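**Student:** One-letter residues, chain by chain:
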Amino acid sequence: MDEQPTPAPVIEPGYTFGTVTDKISSIVLTRPTSNGWFLGFGVAFLVTMGLLYAIGYLFLKGVGIWGVNIPVGWGFAIVNFVWWIGIGHAGTLISAILLLLRQSWRNSINRFAEAMTLFAVACAGMFPVLHLGRPWLAYWLFPYPNTMNVWPPLVLSVHTVVSFDFAIGQVPGWHTTIFPPYFVAGAIYSGFAMVLMLAIPIRKFYGLEDFITERHLNNSAKVMLATGLIVAYGYGIEAFMGWYGGNRYDAFLLWNRLHGPYSFFYYMLLLCNIGIPQVLWIKRLRTSPFWLFLISGVVLVGMWLERFIIVVVSLQRDFLTSSWGMYYPTRWDWMTFIGTIGFFLACMFLFLRVLPMISIFEMRTLLPEAEVKE
Amino acid sequence: MSALLWKPEDLLAPPIVKVYQRRFLIAGVVASVIVIIGGFFQPRVFFRGYLISFMDWLGVALGSMVILMLRHLTKGGWGMIIRRIQGAAMRTIPLMTVFFIPLIFGARYLYIWTQPDKVSDPHLRKHLEEVSSYLSLKGFVLRALVYFAIWNLLSYLLTKWSKEQDTPPVRDNSQRFKVLSGPGIILYGFTISFAAIDWVMSLDPSWFSTIYPLIILIGEVLSAFCFAIVVERVLFNYRPMSELLKPEYVHDHGKFMLTFIMVWAYFSFSQWLIIWAGDLPEEISFYLRRINGGWGWVAIALVLFHFAMPFILLLSRPFKRDITRLVWLAVWMLFMRYVDLFWLAEANFSETFTVTWADIAVPIAMGCLWLAYFCRNLSSMPLVPAYDSFASEVLEPAHEHSV
Amino acid sequence: MKHTPVYGLMAEFDNPEAVVHAARKTYEAGYKKIDAYSPFPIEALSEAIGFHYNFVPLVVLIGGILGGLSGFALQYWIHVINYPVVVGGRPLNSWPAFIVVTFEMTILFAGISAVFGMLALNGLPMPYHPVFNVPRFALASKDRFFLIVFSSDPRYNALETRRFLESFSPRSISEVPS
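Residue numbers (the working numbering), protein chains in the order written: chain Y, 1 to 374; chain D, 1 to 403; chain H, 1 to 178.
Hints are supplied without guarantee of correctness; some may be wrong.
The list that follows gives simulated cross-link-like pairs (lysine-lysine, DSS-like), each with its CA atoms no further than 27 Å apart [stated by the list, open to error]:
no. : chain 1 : residue 1 : chain 2 : residue 2
1   : D       : Lys178    : Y       : Lys222
2   : H       : Lys32     : Y       : Lys204
3   : D       : Lys246    : Y       : Lys283
4   : D       : Lys163    : D       : Lys246
5   : D       : Lys18     : D       : Lys178
6   : D       : Lys246    : Y       : Lys222
Far from chain D by the CB rule (all over 10 Å, computed), these chain Y residues [what the hints assert, rightly or not]:
no. : residue
7   : Ile168
8   : Gly234
9   : Tyr244
The set of hints was computed from the structure by calculation and includes no laboratory data. These numbers were taken from a predicted model, which means no experiment stands behind them. Glycine is no exception: its CB is placed at the ideal position from the N, C-alpha and C atoms.
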């Protein structure tokens, strides 16, 4: 139920129940598959093959081909796992929280974000299995069957649980109570960045500007700005407590982030996650597909770096100086990471081709004639 | 047009509010006199109760402000109907500013960091020296000045622009509100976090938790929402609220209440699980104090009656839609908010469960004065800004929408 | 026609207001066995045909409670009975840590109950339904709204009911063979 007198349209005027239906379903049912689709899917598919190659070699040789070792026993696999799970969160926010706030603009990006969530979670799900060292026992990890309607509350809590995985330990940089909400906010942040990175080209190539309007770009950018600020709050309060709390290991962690061997990445992280996204305060950039696309890319990089900093920098130098070390990812780490991006994109291409990417019935409810006045 | 549907004078709060104002004022003055006399004899006890009471009533005022700003950003009839109730609660911030002043003088009874020489534990003494640039009376006062300046400014602007919408012509101030509310919410989050550290967390300067300010923050928002529900119920007996309040809005209010209760539980549980699992001496001391010496019963009561019971009740749709039933839960939650703050703060002062006379009397005295001021604010402006271009959504007679 | 059993009479409308109005009047006229179909959910419509409560929330509640209990029981059994290992000096029954999985299982079971409860209470999957015998009914998933009065309704009368439905000036009225 939409209570508000709509200021800017969430759907351009002139559509009827019939034309909405035809416009969305024609992409799947009647329009021929474009060469661009074949090209895009082809490239994504090749990258997926690279992923399979990397996984095959991993199963043959074991996790020794990766850069993980003591003290950094959690490397790219966990970084990527957390990053992908986070991206999956956009679906949750759009399904649950925006519904609560009665934001009707969610309808046209809802289906799309949910599909994205599913694929992102599939990418994420691979990593714990690959990280096991004993992949033939992977089924030990899967107690859940899954159905579509189950995941919204589940995913929201999943990221909390992921954060607990870190926070219940005692490693400085992991053991901090803000982690659960801060992980969820970061997740939604990267999730919306991914939604925009996908929605902007898609609305252009499939001519869906009438359904995914400027208002959607604007609102998604605002959500990004808001969650980005929550993330910044997390960094800030963590740094403050590092000083205020008087725990010397926490204080050292802060020093190590700022001046240690990975400090370049920490500054990049601050730039990508906090600095650059502040340009979203400018409305012109929030509604410009080009700039929004670029900024979303920056945010995705920043959020990946955040996970890298949390996982690697915390482990790299903890309590005992004698057990400090460095972490260098190998080509197999990179191949696996990039491979999952290919897999994700390949799934998205298939989704676009075989399923209506916008929920048709929800779009019908947005039309003025759908309102029942008595 | 909305202006034709309702005349602004018909939208004023019912005269009964004035009666309440007078009664609260009398009760507040009487109670204050008693409490102040008590305070002269037992200043230490007095200020402990005073701090908890201050945090509780401040929460309603600030929480109202933040919900108001959230509404300006997201719109929706649920917020328009309680907008002026929350506005009136927000405009008590000047009063809360005055109420803060005694805390400056009471700081030496409350905060151990004001007298580092009296600390016997050498570790704590060393730590206090390290953070003395933050935890000092001067810093305490200066920071409080900044917080209150920001809160008063936000409240002033939000009120000013809202007032413009009581007189013709019909105007759309939503753009201005939006421009203020975005940064306003950020400022609130920032200031309340440090206020929570300064005023409550630093009661035990050796302990820290990064999520703690958020627990205080969400508690304020929850208090404010429950308070708005209670006021809307009282007004529902009279025109105009009796005609404006629709079950859909009440349903939304119930949903928000459920959400905030869940977020509170989520933050509180996260803090507990992480600290319990880490089991570090400097952190776990917080919970050891709060689950031993009788405080454990309060903790269990919080789990059951600040979370479980309201959670189960609010799952029911008919319950959420019925203001006459929802209001009782809102009243209960306002009480539980106090219990939560009491548990967080009072356990610092006493190892065994204790309720002093000040813990009961000061909140009542301060509350009556606060409510009197609130009633004055409430009757000074119409309950809905008739000339807001978005007011029609609540002023129009009931109609149905598609989903 | 006379020899095929009739399932009901179906009226077709081209806008939601018309179907809600017709449904309400039909219900008020004493027809209780009626149903309506629309290309998107209309809250007013379910109220109009006298559909107020369903049992999905109850099913979800029971599912959630079962999920929570089984989640906790599973962990308790593993950690205390089947394979007790002391981790970091914590008690075997480390219930604070168990809450996370208990919660997840509650949500999971509640969600699954919601899906399957909804399907079961709707009688799905349903391989045959008479309304599809009317060719125009395919439009119900595009832009048309249908109201049906079942022949099992005690007040149903082929002629009178048809005349009654015609009073709403629908786009068409079809007799649905069962």
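**Student:** Hints numbered earlier in the text: which of these fail when held up against the supplied structure?
**Tutor:** 2, 3, 5, 6, 7, 8 and 9
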